[in-house]
Amino acid sequence: MSGKIVLDTNCLLMAISSRSRYYPVWQSFLQGEYTLCVTTDILEEYEEVLARNINQCVA
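Numbering (full-length UniProt numbering), first residue to last: 1 to 59.
Worth flagging that the hints you see were computed from the coordinates, not collected in a lab. Only a predicted model underlies this, so the values are computations on that prediction, with no experimental measurement involved. Ideal Cβ positions, reconstructed from N, Cα and C, are used throughout, including at glycine. Among the hints, erroneous ones may be present.
Label pairs and their computed distance ranges (CB to CB) [claimed, not checked]:
| # | residue 1 | residue 2 | range |
| --- | --- | --- | --- |
| 1 | 47 | 17 | 27 to 35 Å |
| 2 | 2 | 52 | 14 to 22 Å |
| 3 | 4 | 45 | 24 to 32 Å |
| 4 | 40 | 19 | 17 to 25 Å |
| 5 | 2 | 39 | 24 to 32 Å |
| 6 | 18 | 49 | 15 to 23 Å |
| 7 | 45 | 20 | 16 to 24 Å |
| 8 | 30 | 54 | 14 to 22 Å |
| 9 | 23 | 49 | 15 to 23 Å |
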């Protein structure tokens, strides 16, 4: 049985970096150990923040 988690946008950004100490959380999610619980508002925030961060990296 998998657990359920809600990741704040900042936590998500930190967890997806392989250099982050929170990376194991991301890996556990990818391996199906957790179900990511989100709302439409959370998804929109993820999209906004990720787009902003990607644009900063490209610039």
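Run the structure past the numbered hints and jot down the numbers of the failing ones, going up.
Structure breaks hints 1, 2, 3, 4, 5.
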